[in-house]
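Given the coordinates of chain R, assemble chain U onto it according to the supplied hints.
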Amino acid sequence: MLERGLEEKRYVLNLGPQHPSTHGVLRVELELEGEFITKADPDIGYGHRGHEHMAENRTYQQYLPNMGRVDYLHALAYNQGYCMAVEKLIGLEVPERGEFIRVITAELNRIASHLLWVGAYLMDLGAFTPFLYCFDDRENILDLLDYLTGSRLTYCFYRFGGVPVDIDDDFTEGCRKFIKRLRSRWADYDNLVTKNVIFINRTRDVGVITKEQCLKYGLTGPMVRGSGIPYDIRKSEPYSVYPRFDFEIPLGERGDVMDRYLVRLREMEQSLRIIEQALDQIPGGPIMAEKVPKRIKPANGEVYAAVETARGEFGCFIVSNGDLKPYRIKLRVPSFGNLSILPEIAVDTLVADLVAILGSIDVVVPEIDR
Amino acid sequence: MESITQPAAVSLLGMVAGLIGVITLVAVNALFLIWMERKVSAHMQLRPGPMEVGWHGAIQTIADALKLLGKELITPKDVDRWVYLAAPIVIFLPVLLSFLVIPFSQNLVIRDMNVGILLILAFAALTVLAILMAGWASNNKYSVLGAIRSVAQNVAYEIPLLITLMSIILMVGSFSLVDIVNAQNRFWFVLVQPVAFILYITCATAETNRAPFDLPEAESELVAGFHTEYSGMRFALFFLAEYTNMFIVSAIATVFFLGGWHGPFLPGIVWFFLKVYFVIFLIMWFRWTFPRVRFDQLITFAWKILIPLAFANLIITAFIMKLR
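Heads up: the protein sequence lines correspond to chains R and U, in order.
Position 315, counted from 1, in the first sequence is what numbering that gives the first Met the number 0 calls 314; the numbers after and before it change by one each time, with no gaps.
Position 127, counted from 1, in the second sequence is what numbering that gives the first Met the number 0 calls 126; the numbers after and before it change by one each time, with no gaps.
Excised from the complex, chain U in its bound form:
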């Protein structure tokens, strides 16, 4: 804990710098991801995607964001006003805080905590609260259905997610993300824990409410699910949170399975981002290829397949660790 020995002013300065850095990263990253999603989907669908604004539509999302900023903020009649207004902020805050512990490279981590992964998972659980708030307060039946689905889904998928990550934590013996990356300087954990990697990606897709597990906002069933009644920048915050969440789960995948910043020739931070965007590409690929699962199938899949598999994986890992 070197920060404790630093003077308070330096520490404060570092935190402010970190905060500004994170907010910039979140904004730029979301803009890039939305453009990337549109391009990836377009090329999978035999079309060019945005081409007009900037090089290959590169600043299309900035134009879209400006448009959203200029939109009227509609508050429907009879909403639970404070909850309705708070939900977009509540969904966005934990997303920001999760960046505190993500190690972008050897030295570039705002604060390396010894409970790093627990912190991220705890904040991720707050997302459900925000979705429930949004769905409940909107005074819209589709929103409530979306919120109910979201809670059941997130509770079901957080368990295998945590158990899967636990098997890696067993191997490393630390919750700190930096320690976990350092443990992979010889080989990546995806090589020894392929099942865990697949389980993690599946759970992460469900955790971020992405297709084929996008039931809380299933368009053809629930119109737009929990954010049906949100417009303008409030809607944009939900959108932003979704893409930033995607970045965070991909960053965890990179840290736990793909060796974090490790890689030859290029600097660590470049490797880190390359791997993160590769995982994000995988998640996008799912979305544009699969139909949506049904709600009961989704829950059955989590409780009857993913959780037993994750437990089996954990127990086998524990045995092997004991034998070594």
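Next up, chain R with everything else stripped away, as it sits in the complex:
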């Protein structure tokens, strides 16, 4: 076929950094043959702000607001992870009521993150309308959290030793109303999206990740649970008051894009269950630990604390050399690990599939670039 000296040419397509479906400033360099992808190479770093380096120049308290800006969609989990690490370092005990409030707000935030993902993901697949329905539901959570924390997106709510504001009856009432409302929506989501033939055709058996690949790339969160591995920090290394609640870890079977979608959808229901139980069981008492030091000057040492965010395992590793500022903070973010599998599963798929796969990874690019 190549008689006349026709050379096979690589067709390189730059997907991003400004592209409607790369969710932030991610650039994926694609090599195409027709519409088939022969190579996909993610290029990160466009949103790098040096969060880890900032930590070395600030006191422990001053660094806290940074945590709302690493992963802006599930900011409270990052608050929690960092607070847990510092509390471990200086030996602070959070009172029970404080832990309950943390769990309630973090789970609300998780639902908000997943709702946004569902909407944005369907928009990647070309369905615009679900996006606005998801945002309509998410708005309720933002209102609730706004009422309690004073901000809608980049929360900085938890403090070392507890939470600064107690929940009141209005908040509890609002939560219960929201749980009822969101539960009545599942049928709509199922009928209009999950059972849609086009949606099923776009997502079934696309971007399959095997269990071995999960372990090889260190995937966490819904990515790994979609492939059927029951790894959830809330269960496997329980923290806070999670062991007291009865909830399940939804698992996928095939490890395709559809499974990851279903895992996230079912996780929202489990989060609702946790919030419901937490609201019922919440004890009285203080919300902040007594005697929180004004000057945090921990002894030499290092700690690691991990939490389950909407995207997977977030770990905070702090090394202290006995100064007012941490010597080094390493943030282990889930999106970085999750994105690293893209070159392997994107090969031999179509451009449209790549959008579906990239969406299913649920990357938050500032978190990768942190």
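Mixed in with the good hints there might be a few duds.
Stretch by stretch, here's where chain U covers chain R in the computed footprint (C-beta under 8 Å, at least three residues) [stated by the list, open to error]: (1) 121–128; (2) 193–206; (3) 327–337.
Don't read these hints as lab results, they were simulated from the structure.
A quick note: this is a predicted structure, and the numbers were derived from the prediction, not measured.
Glycine residues also receive a C-beta, built at the ideal position from the N, C-alpha and C atoms.
Showing chain U alone in chain R's frame:
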């Protein structure tokens, strides 16, 4: 052919009047459709849509059009200049010409030709050329991908479209749109040819590049597809052509399946427009409800499902016509 017997001056006058009428209709119709699309989508998405300019945002599109007119026309570096500039015009001309044969009511048709439907389909095929020109000349990879998709898609969907319409033409025995409407004075063809109607609407949606078949301009994959590099009024012409195309395919659906201008009480032209806008509403409904299909699925769907179905429908129709 009464026009041949008319004096040339009268005929010319009629053509000029027709042309002015068509251009006015195209412009007003597109303005209305864009407003309608925004309202339909808004109400499906739990929001009010445009509300500020005019009653319920009724003249919002006029404001938008004025804004587009004032925009800078950007010509990117290294484009194939003449092709790039010609594409918006080429996409718009066939759209205008298709109005020549559409019967709006019993007497309101610019020229009733005995090859009416063939004329419209032939002009519709020219749209692909314009999209290919735009995609190729833009010197943009997304545009080329959009253009390639568009050609494959339109070729695949024109076949079942034509075969589906052929089954109606068999029943009537004429290509003239007026004859086809006249044949439906007792019952609408949608009642006897429901499969054909569904096939036609599916193909028409794909033919006009509307969601769920909007692959040539798939936003989340190809940014804006073939018209990525067009700005200002050039972009507006593509936009205008899309909505006018939607009107034309809906008008064909009305003529072939919904009885054209036939209907009780109201004058024919009112019925015609009511039916056309109903079909347009259907197409809009699809867009705001479905996710986008994948390219290979789209082509497979056309070749393996729609074309055999359309052929089966045609053969069954032919048999029944023979038996009667």
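Verification of the supplied hints:
1. 121–128: holds (count 8)
2. 193–206: It holds: at least three residues are needed, and the segment 193–206 of chain R offers 5 whose Cβ sits within less than 8 Å of chain U.
3. 327–337: violated (count 0)
In this structure, only the earlier hint numbered 3 is contradicted, and the remaining ones agree with it.
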